[in-house]
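**Q** Chain by chain, the residues:
There are 2 protein chains.
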Amino acid sequence: MSRPLDVIIIGSGTAGLTALREVRKRSERFVIVNDGPYGTTCARNGCMPSKVLIEAANAFHRRLVFEEFGIRGGAALTADIPAVLRRVRALRDSFVGYTLQTTEELRERSIAGRARLLGPNRIEVDGRELSADRIIIATGSRPIVPKPWLAFGDRLLTTDTLFEQADLGRRIAVVGMGAIGIEMAQALSRLGIEVTGFDSGHRLAGLTDESVNATLDALLRREFAIHYGSAAELFEAPDGIGIRNDETRIVVDQVIAAIGRRPNIDGLGLESLGVALDAHGMPPVDPHTMQIADLPVFLAGDANGQLPLLHETADEGYIAGVNAFATQPVGFARRTPLAIVFADPNVAVVGKRLSELDSAETVNGAVDFDNQGRARTAQRNHGRICVYADHRSGRLLGAEMCAPAGEHMAHLLALAIGRALTVNDLLRMPFYHPVLEEGLRGALRELAAQLPTAGTSELGTCGAISPPADPRAG
Amino acid sequence: MSRPLDVIIIGSGTAGLTALREVRKRSERFVIVNDGPYGTTCARNGCMPSKVLIEAANAFHRRLVFEEFGIRGGAALTADIPAVLRRVRALRDSFVGYTLQTTEELRERSIAGRARLLGPNRIEVDGRELSADRIIIATGSRPIVPKPWLAFGDRLLTTDTLFEQADLGRRIAVVGMGAIGIEMAQALSRLGIEVTGFDSGHRLAGLTDESVNATLDALLRREFAIHYGSAAELFEAPDGIGIRNDETRIVVDQVIAAIGRRPNIDGLGLESLGVALDAHGMPPVDPHTMQIADLPVFLAGDANGQLPLLHETADEGYIAGVNAFATQPVGFARRTPLAIVFADPNVAVVGKRLSELDSAETVNGAVDFDNQGRARTAQRNHGRICVYADHRSGRLLGAEMCAPAGEHMAHLLALAIGRALTVNDLLRMPFYHPVLEEGLRGALRELAAQLPTAGTSELGTCGAISPPADPRAG
Chain P
1 MSRPLDVIII
11 GSGTAGLTAL
21 REVRKRSERF
31 VIVNDGPYGT
41 TCARNGCMPS
51 KVLIEAANAF
61 HRRLVFEEFG
71 IRGGAALTAD
81 IPAVLRRVRA
91 LRDSFVGYTL
101 QTTEELRERS
111 IAGRARLLGP
121 NRIEVDGREL
131 SADRIIIATG
141 SRPIVPKPWL
151 AFGDRLLTTD
161 TLFEQADLGR
171 RIAVVGMGAI
181 GIEMAQALSR
191 LGIEVTGFDS
201 GHRLAGLTDE
211 SVNATLDALL
221 RREFAIHYGS
231 AAELFEAPDG
241 IGIRNDETRI
251 VVDQVIAAIG
261 RRPNIDGLGL
271 ESLGVALDAH
281 GMPPVDPHTM
291 QIADLPVFLA
301 GDANGQLPLL
311 HETADEGYIA
321 GVNAFATQPV
331 GFARRTPLAI
341 VFADPNVAVV
351 GKRLSELDSA
361 ETVNGAVDFD
371 NQGRARTAQR
381 NHGRICVYAD
391 HRSGRLLGAE
401 MCAPAGEHMA
411 HLLALAIGRA
421 LTVNDLLRMP
431 FYHPVLEEGL
441 RGALRELAAQ
451 LPTAGTSELG
461 TCGAISPPAD
471 PRAG
Chain W
1 MSRPLDVIII
11 GSGTAGLTAL
21 REVRKRSERF
31 VIVNDGPYGT
41 TCARNGCMPS
51 KVLIEAANAF
61 HRRLVFEEFG
71 IRGGAALTAD
81 IPAVLRRVRA
91 LRDSFVGYTL
101 QTTEELRERS
111 IAGRARLLGP
121 NRIEVDGREL
131 SADRIIIATG
141 SRPIVPKPWL
151 AFGDRLLTTD
161 TLFEQADLGR
171 RIAVVGMGAI
181 GIEMAQALSR
191 LGIEVTGFDS
201 GHRLAGLTDE
211 SVNATLDALL
221 RREFAIHYGS
231 AAELFEAPDG
241 IGIRNDETRI
251 VVDQVIAAIG
261 RRPNIDGLGL
271 ESLGVALDAH
281 GMPPVDPHTM
291 QIADLPVFLA
301 GDANGQLPLL
311 HETADEGYIA
321 GVNAFATQPV
331 GFARRTPLAI
341 VFADPNVAVV
351 GKRLSELDSA
361 ETVNGAVDFD
371 NQGRARTAQR
381 NHGRICVYAD
391 HRSGRLLGAE
401 MCAPAGEHMA
411 HLLALAIGRA
421 LTVNDLLRMP
431 FYHPVLEEGL
441 RGALRELAAQ
451 LPTAGTSELG
461 TCGAISPPAD
471 PRAG
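Chains as they are written, first to last, in the numbering used here: chain P, 1 to 474; chain W, 1 to 474.
These are calculated hints, taken from the structure and not from any lab test.
Remember, predicted model here, so these are calculated numbers, not experimental data.
Note that CB positions come from ideal geometry on N, CA and C, so glycine has one too.
Take these hints with a grain of salt, some might be off.
Derived coverage of chain W by chain P (criterion: at least 3 residues anywhere in the stretch with Cβ under 8 Å from a Cβ of chain P; other residues may be distant) [what the hints assert, rightly or not]:
id : stretch
1  : 327-335
2  : 401-408
3  : 420-428
Output of the computed footprint for chain W on chain P, the stretches with three or more beta carbons under 8 Å from beta carbons of chain W [as the list claims (entries may be wrong)]:
id : stretch
4  : 54-66
5  : 71-77
6  : 84-91
7  : 370-384
8  : 400-409
9  : 421-433
Chain P extracted, bound-state conformation (with noise of 0.2 Å):
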């Protein structure tokens, strides 16, 4: 048998492709192994094609202020949903194509087939076995369909299949109301077509703040129904599949299953690494090194289970990149929190979540943004952002919004918070007008309040162009 390789990737998602990038620099002798489609799930199941269907929809939704803001015409839009699929596939497919590259250029060392762990440090690929030092795990993830579902055939769409349809029904059910669910139910109750969305819990896309949810809650039903309750069951109807939970039952086109995505670990031979495995067969994997336990083995992006988020998961293709390399695997920090759904208003939870924090010892602001100036200008004065801070401290911890502009404060929020800045250092800060932003600095002032740190002002005084403020200024 030949030398055994420095590192088998297996999988080239994004991050099977980070963790290449970083094998590469340091070797020549590894190879990649992918099974199924090239492509990563963002780039083409994911982030991106949803984010083409979305931009569509909230173009079409925004007809329904022309009148307001004294545009004619309006109502005689049309989406053509077809052309918009036909959008989303093609922007896709570009994005597709930037992935593809990499493992292309790799010619032998790149192999298609579907891998099987034999040990620590061997694997096994369409009847041939590799040996290497180390080896990279990057499986990736998939939607998850309850097996009775599959009787639906392809009237049961994940988002595997969704960006597939060259037209859609004319009514969908959308499982689940987590981050894709609630994209995907929004946008396409956008696009005209009768959505409605189940979920068996009440809280939306990961939110833990009552008001936040509730906020959301009557945000999104003004647009398309939601019935929470009971998990939904699925049944065959004269006119379509019917769907029931214990709040309703209603007939529809086709449904959508947004219940979550399970890592693709099954079949993997995880078993022949001698480790303990969970109830879910998961490896124990430490998420500052990704190593599996003590071996020579890495686990990494949507995998694991652990957070399967694209920058995080590319993150871990980089960390495990660096530790197959290193004689002792690397503990590296991980970046602040940060999860974000697309909807409209922006769906955004930043550092510490709500239910995560201690009541006695943190401090609340929030701000809506209905009688917010320039929302207002926009016809966008709709949503909430709550934010947390330390009562003694007053760093800030954490935040839940809907917001408009969501997006954009949760990266301040989030810098602000791996940074350990407090309230104050962040209301130093300009705050232009009018701005969004302006209605974040409400929430703030509010938390800057209840703070035993509150001074008169947010501008601090420079004590060395002139003489500490009078008293009586305090």
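Chain P is already provided as a structure; the job is to place chain W on it using the hints.
**A** Positioned in the frame of chain P, the structure of chain W alone reads:
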């Protein structure tokens, strides 16, 4: 004569009202004097009505990408300009309403009339003399209109009169391509008016980075003509107002003068203060205290001609209000510079302009949005961001941009600059996917590659968790 008041405030615009808020916390012995219509420039003629107009214009403009999105019927949309302007006024009246409440409840302590200084502690208003320990001058500014242009009567518009129009002409020239000129020219052009821009310089909207300026110039010229060259001259023409510079000569129905704003200090009696006035009649004002020389007189807001931006004006009113009660005026550190032009894409300058930096000490990074993923999904893939950092410390110093969501990214950068963060500090934050901030990250990575402090990764290693990185990982 009765005992002097504690404070007289002259002017009840933004600076006057923020000063008033501080004064009222400390004394009941004050008056506020205002000449002309009540309501702030911002609410009545500035930030707010312009944004209302811009939002309608941008919504209408969006129809041009409808076909690409798969939305049919966009060509039949029309902008009802009288209706657009009615909405501008309706919202403006609502915004102005908020600003009126404060002075209305003051009764006899709010005086309508034109104040003239008689000395550092005394004013005259409508023949009545008033004295006070301190005087705060906050008389605002007004659009500059060359005297000969007044001959064109109500066909010569400024932001004082534009929003009052019941309808607009088919052809409008906008003279001055600063912030206001660009905002109005683009908005009116997008509403279907044939707009022609004039500017006697070659730099738009205060930009000093030629590459950003060129990007903006090219984007704006897709929408309306801009003629640079000599100062525009107006002349009476048979079918309208003639306007010419050394590059062109056209006839329009109306001209908008957007060549700047002049502090309202003429006729105010500043010469009675006994301090030297400059060629414009302006006394020396400390930008950290708002104090005029060592007098008990403060000059805040647009009236001092320093930083005629709403958020700075509000700070200056605050500073003046606090210092009117300080035994020694307090020097306040001002905020990180931030200027935004609400064009599409947004123009922004944050921190230091390129022209203020020493090129030998600075590294530059840039990104164009033409191929930025999220921008492509939204058909908004136009624009450019340039960022500047100190070549030794890696600290971010400034940025100039015209970019989609630039107003939001400018706030992110303002926070970073204000906190003296380095490029690597910024790259440590999460950048969600797909967001426009990933474009900004590209520019930051370009900076990082030129900095000696650049590491191998944006992810810091977490030493507490495991041993340091293997040298091979470096």
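**Q** For the stretch 420-428 of chain W, do at least 3 residues have a Cβ located nearer than 8 Å to some Cβ of chain P?
**A** holds (count 4)
**Q** Are at least 3 residues of the stretch 71-77 of chain P within less than 8 Å of chain W when you compare beta carbons?
**A** As far as the stretch 71-77 of chain P goes, the hint holds, because 6 residues have Cβ atoms under 8 Å from chain W.
**Q** Verify this for me: three or more residues of the stretch 401-408 of chain W with a beta carbon less than 8 Å from a beta carbon of chain P.
**A** holds (count 3)
**Q** Counting residues of the stretch 84-91 of chain P with a beta carbon closer than 8 Å to any beta carbon of chain W, are there 3 or more?
**A** holds (count 5)
**Q** Under a C-beta cut-off of less than 8 Å, do 3 or more residues of the stretch 421-433 of chain P approach chain W closely enough to confirm the stated coverage?
**A** holds (count 9)
**Q** Within the assertion that chain W covers the stretch 54-66 of chain P, do at least three residues meet a Cβ-to-Cβ distance smaller than 8 Å?
**A** holds (count 8)
**Q** Closer than 8 Å Cβ to Cβ for three or more residues is the test here. Does the stretch 370-384 of chain P pass it with chain W?
**A** That given contact holds, which follows from 6 residues of the stretch 370-384 of chain P lying within Cβ reach (below 8 Å) of chain W.
**Q** Would you say the stretch 400-409 of chain P counts as covered by chain W, given the rule of at least 3 residues with C-beta under 8 Å?
**A** Coverage by chain W holds for the stretch 400-409 of chain P (4 residues, Cβ < 8 Å).
**Q** Mind taking a look at whether chain P covers the stretch 327-335 of chain W? Criterion is 3 or more residues with CB to CB distance under 8 Å.
**A** Our answer is that it holds, as 9 residues pass the Cβ test (under 8 Å) against chain P, meeting three.
Hint compliance for this structure: every hint is met.
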